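Chemist: These are the residues of each chain, in order.
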Amino acid sequence: MANPTHPAEPVDGFDFYVAEDEHHEPGTMLGFWMYLMSDSLIFGILFAVYAVLGANYAAGPAPSDLFEIEKILLATAFLLLSSITYGFAVITMQEGKQKAMMLWLIVTGVFGLGFLAMEVMEFMHLAHLGAVPGVSAFLSSFWFLVGTHGLHVASGVVWLVVLLIQVQKHGLTPANKRRILCLSLFWHFLDLIWIGVFSFVYLTGVLL
Amino acid sequence: MSAEHHDTHEAHGSYRSYMIGFVLSVVLTAIPFWIVLAEVEIHLWLALSIIFGLGAIQIMVHVFYFLHVTVKAEAGWQVMSLVFTGVLLLIVLVGSIWVMTHLNTNMMPQHEQMEMMRNAG
Numbered sequence: 215m216a217n218p219t220h221p222a223e224p225v226d227g228f229d230f231y232v233a234e235d236e237h238h239e240p241g242t243m244l245g246f247w248m249y250l251m252s253d254s255l256i257f258g259i260l261f262a263v264y265a266v267l268g269a270n271y272a273a274g275p276a277p278s279d280l281f282e283i284e285k286i287l288l289a290t291a292f293l294l295l296s297s298i299t300y301g302f303a304v305i306t307m308q309e310g311k312q313k314a315m316m317l318w319l320i321v322t323g324v325f326g327l328g329f330l331a332m333e334v335m336e337f338m339h340l341a342h343l344g345a346v347p348g349v350s351a352f353l354s355s356f357w358f359l360v361g362t363h364g365l366h367v368a369s370g371v372v373w374l375v376v377l378l379i380q381v382q383k384h385g386l387t388p389a390n391k392r393r394i395l396c397l398s399l400f401w402h403f404l405d406l407i408w409i410g411v412f413s414f415v416y417l418t419g420v421l422l
Numbered sequence: 229m230s231a232e233h234h235d236t237h238e239a240h241g242s243y244r245s246y247m248i249g250f251v252l253s254v255v256l257t258a259i260p261f262w263i264v265l266a267e268v269e270i271h272l273w274l275a276l277s278i279i280f281g282l283g284a285i286q287i288m289v290h291v292f293y294f295l296h297v298t299v300k301a302e303a304g305w306q307v308m309s310l311v312f313t314g315v316l317l318l319i320v321l322v323g324s325i326w327v328m329t330h331l332n333t334n335m336m337p338q339h340e341q342m343e344m345m346r347n348a349g
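Chains A and B are the protein sequences, given in the same order. Residue numbers for the first sequence, in the working numbering: 215 to 422. Residue numbers for the second sequence, in the working numbering: 229 to 349.
Fair warning: there could be bad hints in the mix.
[Stated by the list, open to error] Pairs of lysine-lysine residues, derived as DSSO-like cross-links and limited to a Cα-Cα distance of at most 30 angstroms, are as follows:
(1) A:Lys313 x A:Lys383
(2) A:Lys311 x A:Lys383
(3) A:Lys285 x A:Lys383
(4) B:Lys300 x A:Lys391
(5) A:Lys285 x A:Lys391
(6) A:Lys383 x B:Lys300
Just so you know, the hints here were simulated from the structure itself, not pulled from any lab data. Predicted model only: the values in this text are computed from it and were never measured.
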């Protein structure tokens, strides 16, 4: 006989499912976190490829011939500033201040575009010098690693613009809040990957 | 409900925690760039150790202050998946570098091989 106080309990006492779920939030944030973890595996593999092939110049240019650290410092500053302004956007969102949040998001987007502009200028400069991916294993792995990061930042900016339109249209709905928190994870994650890029590729490349 | 609201607020940081993270990041970024740009006269391996050490610390700062990873978040799944990914990355990176540098070492230049054959004979 089923216990009348627990009508959901199976008759013979077997539980074939977890009766009590520990967290009540929708799984989107955790799912997005899992995506970021798999994305960091992609970057990890690209870093490994660069670590293995980065010294094979094939009589082409070496990192110290190509990299301009002052410009990389400026790009790093843009990305770091965009991280803190996104943080302020999340805080103002929690306080329900939609206008302020949108302003912080726009500032974030401008810094993101500044970073992308620096990167596009660097790639154009490299192409002008003839340091294209086909020249050496070093340049192939460099373009692939840094380009993949740049593509991520570019898609982050597109996502940010889409979110701004959605917030403008529908306001700070729970769905929009969740989307902004997901993009927050994505944006800070890209800044984290960039730490690896400037330490390992640029600074180490110039020293060696 | 109020406790839940408090939780979500905590989980996504405050001005204070973001500023602490930002200032730490600025310092941890500035030192490696300064070493390279000012061409500080230290041993190459010391310079590389500082760059990689501070980079690793900065990654942890970002994980804690910007990504807000805590042991409690998402019933522990967040930090579990992070640690798991970290282990995978360590295996992939250390393993690749280790294997490939040894592969290069084992590829002996022609004349060394000839010399070994001569010595053996």
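Chemist: Would the pair lysine 285 of chain A and lysine 391 of chain A pass a check requiring their Cα atoms to be no farther apart than 30 angstroms?
Modeler: violated (35 angstroms)
Chemist: Hinted pair, alpha-carbon criterion (30 angstroms max): lysine 300 of chain B, lysine 391 of chain A. Please report holds or violated.
Modeler: Holds, at roughly 21 angstroms.
Chemist: With a cut-off of 30 angstroms on the C-alpha distance, tell me whether lysine 311 of chain A and lysine 383 of chain A pass.
Modeler: Answer holds: lysine 311 of chain A to lysine 383 of chain A is near 15 angstroms, not above 30 angstroms.
Chemist: Does the alpha-carbon distance linking lysine 285 of chain A and lysine 383 of chain A stay inside the 30 angstroms limit?
Modeler: violated (38 angstroms)
Chemist: Below or equal to 30 angstroms on CA atoms is what counts here, so check lysine 313 of chain A against lysine 383 of chain A.
Modeler: Roughly 13 angstroms between the alpha carbons, so the hint for lysine 313 of chain A and lysine 383 of chain A holds.
Chemist: Would the hint linking lysine 383 of chain A and lysine 300 of chain B be met if the CA-CA limit is 30 angstroms?
Modeler: This hinted pair is violated, its Cα atoms lying about 35 angstroms apart.
Violated hints for the displayed structure, listed by number in ascending order: 3, 5 and 6.
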